[in-house]
Amino acid sequence: MLFKLSIRNMKKSFKDYAIYFLTLVLGVAIFYMFNSLDSQQAMLKVSESTRKLIGLMIDILGVVSIFIAIVLGFLIVYANNFLVNRRKKEFGIYMTLGMGRRQISKIILLETLLIGILSLAVGIFIGIFGSQLMSILVAKLFEADMSEFTFIFSLPACIKTCIYFAVMFLAVMIFNTITISKYKLINLLTAVRKNEIVKIKNPIVSILVFLVSVVILGYAYWKVTGGINELDTIDKIIGPIIMGTVGTIGIFWSLSGFILRVIQSRKKIYLKGTNMFVLRQLNNKINTTVISMSVICIMLFMTISILSSSISVQTSMDSELEEMTPVDLNLYKTANLPESYTNPKTGKITNYTEKQIEDSKRPITYTLESNGYDINNLKDIEEVIIYTIPGLTWEKSLGNYFEEAKSNFPMLAYDTPETILKVSDYNKIAKLYGLEQYNLKDNEYMVLCDFDTMVELRNEALKENKTINIEGKEYYSKYDECKSGFLNMSTSHTNTGIILFPDSFEFKEEWKEQYFLAANYNVETEEEKQILDKSFTDEDNNVLYEKLEQNGIVLDGMTKIVIIESSKGLATIIIFISIYLGIIFLIASSAILALKQLTESSDNKQRYAILRKIGCDEKMINKALFRQIAIFFMIPLVIAIIHSIFGIKFALTVMSVLATPEELLPSIIATAAVIGAIYGLYFLATYLGSKNIIKEEE
Amino acid sequence: MKDVLEVKSVEKYYGNKSNLTKAIDNISFKVEEGEFVGIMGASGSGKTTLLNCISTIDRVTSGNIIINGKDITKLKGNSLNKFRREELGFIFQDFNLLDTLTAYENIALALTIQKINHKEIDTRVNDISEKLGIKDILNKYPYQVSGGQKQRIASARAIVTNPKLVLADEPTGALDSKSARQLLESFEYLNKKLTTTILMVTHDAFTASYTDRIIFIKDGKIFNELVKGNDTRKQFFEKIIEVQTLLGGDLSGVI
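Same order as they appear, the protein sequences are chains A and B.
For reference, each letter of the first sequence is one residue, going 325 to 1022 in the working numbering.
For reference, each letter of the second sequence is one residue, going 153 to 407 in the working numbering.
Treat the hints with caution; some may be incorrect.
[Unchecked claim] Distance condition first, Cα-Cα at most 20 Å in a straight line; then the derived DMTMM-like pairs of lysine to aspartate or glutamate:
(1) 596(A) / 238(B)
(2) 730(A) / 784(A)
(3) 937(A) / 239(B)
(4) 937(A) / 321(B)
(5) 591(A) / 272(B)
(6) 937(A) / 238(B)
(7) 755(A) / 704(A)
(8) 234(B) / 942(A)
(9) 370(B) / 322(B)
(10) 596(A) / 272(B)
(11) 937(A) / 246(B)
(12) 937(A) / 251(B)
(13) 591(A) / 274(B)
(14) 386(B) / 356(B)
(15) 929(A) / 251(B)
(16) 267(B) / 941(A)
For the record, the hints were derived by calculation from the structure and aren't laboratory data.
Every value quoted in this text rests on a predicted model; they were computed, and no experiment measured them.
Isolated chain A, as found in the complex (with noise of 0.2 Å):
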């Protein structure tokens, strides 16, 4: 009896249970696919590194999946409340006729068991579907490949998914049991709401507070954007975001008010049609919503700010990781070991072999030889040292500036000894970097530089002071600016500092410091560079390794793969966990904006009841609702655009990507359509839902 009521009840308010199906399916398939991403791996063919990369996301994205299912239960357990608040009438209808409070509550819990066994049902297999799309993501990502597809079903992954929202919904009954008991018979049947008495603001403070909010948020986004060199530290970075968030809740405070009296001012706008009755429908709802109207907003931004820039950040990524790998190999080895080292810093004592000082007083190609390793596997093969001069450090080249570099930025390690390199070794290495080559005079010198901050640094210094003075000779900088270029490949651009000198400058034995070697493998393909590779970065039955173990030879290096796979990986991990994360709060802050919206419904009723009384035919009125939730919908959304085109310009800088409107336009396509289908989704449900809700008979 009581499961015919449970279906039959569900039946009949199918469409107020949309938003909850709605969000309950969604909030599955997202989990189930971002939970399965573990057998997808499975059958990708990608390198050790990346799988170990994986690995790591797959671990990621387990712990973000507890707090994701921390989120979502709050949402089942708000949106159930909604549904269980608007059938107060019909549970006090029961108890009239002597259903228990226990009996109400198994009617409760035989609906959640049957909504949530279909929702889980339904949510897995769009699930299923949607982690076949997300294997072709991560293959292109990692750039894998696909070329054997098969189509999987994760079973941990759909196991998780169960246990994770088994438990959402026995709090969820949980929660229900507790509010059918506090439930007193006459306050349900008389739950139908009385008008509310409307609060009023006063117009003027309304424009007040608005044109305030609108300072304070302009304010906050000029601090981010314009003046972001003043926010070096991260403490600074809370005003601003304290401010955008008073500036937020201050703007959906008046917005309603501000906008009712610009248009009021406007007759011919004000009185036409039902644009009267919106506008203060408008205006009551966002009064009694101004918090969670500013948690939604924020959450939208969040989302907007997170996936967009995210993806920006993988597309910079790529472009400029070309730029920053120009050979397959870069290495380095320690010259003139001392016979033995003392740390200033640990004291700790190192003594050194004659075999490791004998080595280190020679270049790294007969290192490479005299340890088994096959030279010819290698062409292009240009070789540098690099040196350090005593005395010769950022301290002393900033010159006049320090004092001031040193109360900008006191983090920075000013003892560290300048670069040195010779012109023409550097101009070799530039060659076959495909980079700028320069020359020097007998009395000049120059500075290479790519890292901002220190580029930053080193111009200031360069503009009042040029001249180093090395044992008594003096030099001049040839530029008044450092140029770019840089020796070691990296993700990004990492080159704080290196120093040039002409070549017929005295390079003393003892100012050594390390050799530099720069080569390409002397193979075509890609696979066969994989296999080259490995000498350096496997240490798997290679001869190499195992023979600088035995000698107690150092040498360091980075490869191009290497360099491209953790980058790549990086990237996608960042990614993956944006959209995870992005999705779910739109999901939320969808969700919350649709129950608030319906919650209010039996208000709406009543009203919407008196304009069709007073003459109001069926279209005016579903346009009057349309346009009323439409705007509702809008107004968080685009206060959330626009502080995402200052959040994103921020994150991007601070991520020093440097990204052109172009290359921002396929990341902020793709945002506006996850949002736009989603936030989408939860408008057509509501729109439907309300105009359910007004239809109904009195």
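Position chain B against the provided structure of chain A, taking the given hints into account.
Quick look at chain B alone, frame taken from chain A:
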């Protein structure tokens, strides 16, 4: 005088063949332009059904209702809505004012949905509110004014569109006696000075005594008809009570 409303042998049945209820059983009457007519009857007598049929909210089973020369039983869909919007004005027992709108806006809304020019709306709203003595509460919200004022706002909304016929359904039902008297005086003013035709449903004899003519309905049929003629209101009131006694049944509700 011209007939504004003509009800011709209207019948309204509810239910199916095996269990038929005749809510209205062959009723015919006319209302002339500028008349103030009351319809009285016990609850369940069919007076509200009749009003609903006239106000195009409900459809008749047979018969015709002609308002201002148009047979509304033949109208459908949008033309029906348009007709209701433009030719009829409604006053309800529970006011049906929008709580989110000010008095001014509530009155104006009836005009804005007719797509009337905003300048004219302003003039008409101010004009009618002056006549009904609600000018100084125009910027107040419904919850800020008394019941009588609310009903006068509703009345202003009903007639601001210059309808051919105003239909009032128990307009004094939710008012105290003082407010009821004030409202009825307003009705009198509308009827006599602005020649508004009013059809009012009530079961209160005092309210009914303000009308020119009363049609009594019992069990879906016209039971009696009273014309005020040259009587004073007090005399008319006594006559109404007499008929109600004859009608029986609803006595307790009268007092």
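For each hint given before, does the structure comply? Return the numbers of the non-compliant ones in rising order. none
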